[in-house]
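On the provided structure of chain C, position chain P as indicated by the hints.
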Amino acid sequence: GAVVSQHPSRVICKSGTSVKIECRSLDFQATTMFWYRQFPKQSLMLMATSNEGSKATYEQGVEKDKFLINHASLTLSTLTVTSAHPEDSSFYICSVTTGGFGYTFGSGTRLTVV
Amino acid sequence: AQTVTQSQPEMSVQEAETVTLSCTYDTSESDYYLFWYKQPPSRQMILVIRQEAYKQQNATENRFSVNFQKAAKSFSLKISDSQLGDAAMYFCALTDSWGKLQFGAGTQVVVTP
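Quick mapping for you: the protein sequence lines, in order, are chains C and P. Just add 3 to the spot in the first sequence (first one is 1) and you have my numbering. Just add 587 to the spot in the second sequence (first one is 1) and you have my numbering.
Pulled out of the complex, with its shape left as it was, chain C reads as follows:
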């Protein structure tokens, strides 16, 4: 499978500021990446599908203007949480699909908004 690097692993930001999370596919050209959010003791919820060179596809109920996704290259997708608020505090995970329904996950980013 692919090697996926996600940064930062932890970030604390002030309410109202923006935070960018990076997901890099180190050894695989990823045309598609996925972004998930996981609240404590809950499951992973798909937020959006990131497509290289085109707009992301957001799941129902996910604010696309709040969670900006950019997938400008085959190795990098970024998730920017804009005007973050405490309720955005969560664990964010990216995954790379390697074709044939294979998936590799990043190590996740714990976002705390204070």
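Calculated directly from the structure, the hints in this document are not laboratory data. From the three backbone atoms N, C-alpha and C, an ideal C-beta is built for every residue, glycine too. Mixed in with the good hints there might be a few duds.
[Said to hold, decoys possible] Looking from chain C toward chain P, a few residues come up when the C-beta cut is under 10 Å (computed):
| no. | residue |
| --- | --- |
| 1 | Cys16 |
| 2 | Gln32 |
| 3 | Phe37 |
| 4 | Tyr39 |
| 5 | Met48 |
| 6 | Thr52 |
| 7 | Ser57 |
| 8 | Lys58 |
| 9 | Ser98 |
| 10 | Tyr106 |
| 11 | Gly111 |
[As the list claims (entries may be wrong)] EDC-like, lysine to aspartate or glutamate: derived pairs with alpha carbons at most 16 Å apart:
| no. | chain 1 | residue 1 | chain 2 | residue 2 |
| --- | --- | --- | --- | --- |
| 12 | C | Lys44 | P | Glu597 |
| 13 | P | Lys687 | C | Asp30 |
| 14 | P | Lys657 | P | Glu597 |
| 15 | P | Lys665 | P | Asp683 |
[Stated by the list, open to error] Just a few of them, taken from the derived set where beta-carbon distance is under 8 Å, the chain P residues facing chain C:
| no. | residue |
| --- | --- |
| 16 | Phe678 |
| 17 | Lys687 |
| 18 | Phe690 |
Showing chain P alone in chain C's frame:
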């Protein structure tokens, strides 16, 4: 809409014993994949086992095996000879035709010495 149901919030097993985690699902797809992922306290998602729906043979990976009942839409995971390192949250997941993964609520596995 697809659904994945894990009805066991927590399962406890003694070392060296066997535990079975249940998962049921619903999908209108004719071809799909089912997965079991493990999430230890580090929260890194680790693939345990994968099953292609068109394959009747149950997948196995060392101490991990599944019982895939397609007609019943059931996909249980059996962990044999449980080890302390098996303690984690286990998620059942199902793909759709777009490659999106739908996860169940998860089952916490506790392994006691």
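To see whether the hints hold, each was checked on the structure:
Below 10 Å, beta-carbon pairs count as interface contacts, and Cys16 of chain C has none with chain P, the closest being about 20 Å; its hint is therefore violated. For Gln32 of chain C, the shortest C-beta to C-beta distance to chain P is roughly 16 Å, which exceeds 10 Å, and the interface hint is violated. Among the interface hints, the one on Phe37 of chain C holds; its C-beta lies about 7 Å from the nearest C-beta in chain P, closer than the 10 Å criterion. Look at Tyr39 of chain C: its Cβ gets to within about 8 Å of chain P, closer than 10 Å, so that hint holds up.
The criterion of a C-beta within 10 Å of any C-beta in chain P is met by Met48 of chain C, whose closest approach is roughly 8 Å, and the hint holds. For Thr52 of chain C, the shortest C-beta to C-beta distance to chain P is roughly 7 Å, which falls under 10 Å, so the interface hint holds. Look at Ser57 of chain C: its Cβ only gets to about 14 Å from chain P, farther than 10 Å, so that hint breaks. About 15 Å separates the beta-carbon of Lys58 of chain C from the nearest beta-carbon of chain P, more than 10 Å, and the hint is not met.
Satisfaction of the interface hint for Ser98 of chain C is found here, the shortest Cβ-Cβ separation to chain P being roughly 8 Å, below the 10 Å cut-off. The interface hint given for Tyr106 of chain C is met, as the beta carbon of that residue sits about 7 Å from the closest beta carbon of chain P, less than 10 Å. Checking Gly111 of chain C against chain P by beta carbon gives a least distance of about 5 Å; that is within 10 Å, so the hint holds. Of the supplied pair hints, the one linking Lys44 of chain C and Glu597 of chain P holds, its CA atoms being roughly 12 Å apart against a limit of 16 Å.
Between Lys687 of chain P and Asp30 of chain C the CA atoms are separated by roughly 21 Å; this puts the pair beyond 16 Å, and the hint is violated. Our distance criterion of 16 Å between C-alpha atoms is broken by Lys657 of chain P and Glu597 of chain P, whose separation comes to about 25 Å. For the proposed pair Lys665 of chain P and Asp683 of chain P, the alpha carbon gap of about 24 Å is over 16 Å, so the pair is violated. The interface hint given for Phe678 of chain P holds, since its Cβ lies 6 Å from the closest Cβ of chain C, which is under the 8 Å cut-off.
The interface hint given for Lys687 of chain P holds, since its Cβ lies 6 Å from the closest Cβ of chain C, which is under the 8 Å cut-off. Below 8 Å, beta-carbon pairs count as interface contacts, and Phe690 of chain P has one with chain C at about 5 Å; its hint therefore holds.
Figure legend: structure checked against the earlier numbered hints; hints not met, in rising order: 1, 2, 7, 8, 13, 14, 15.
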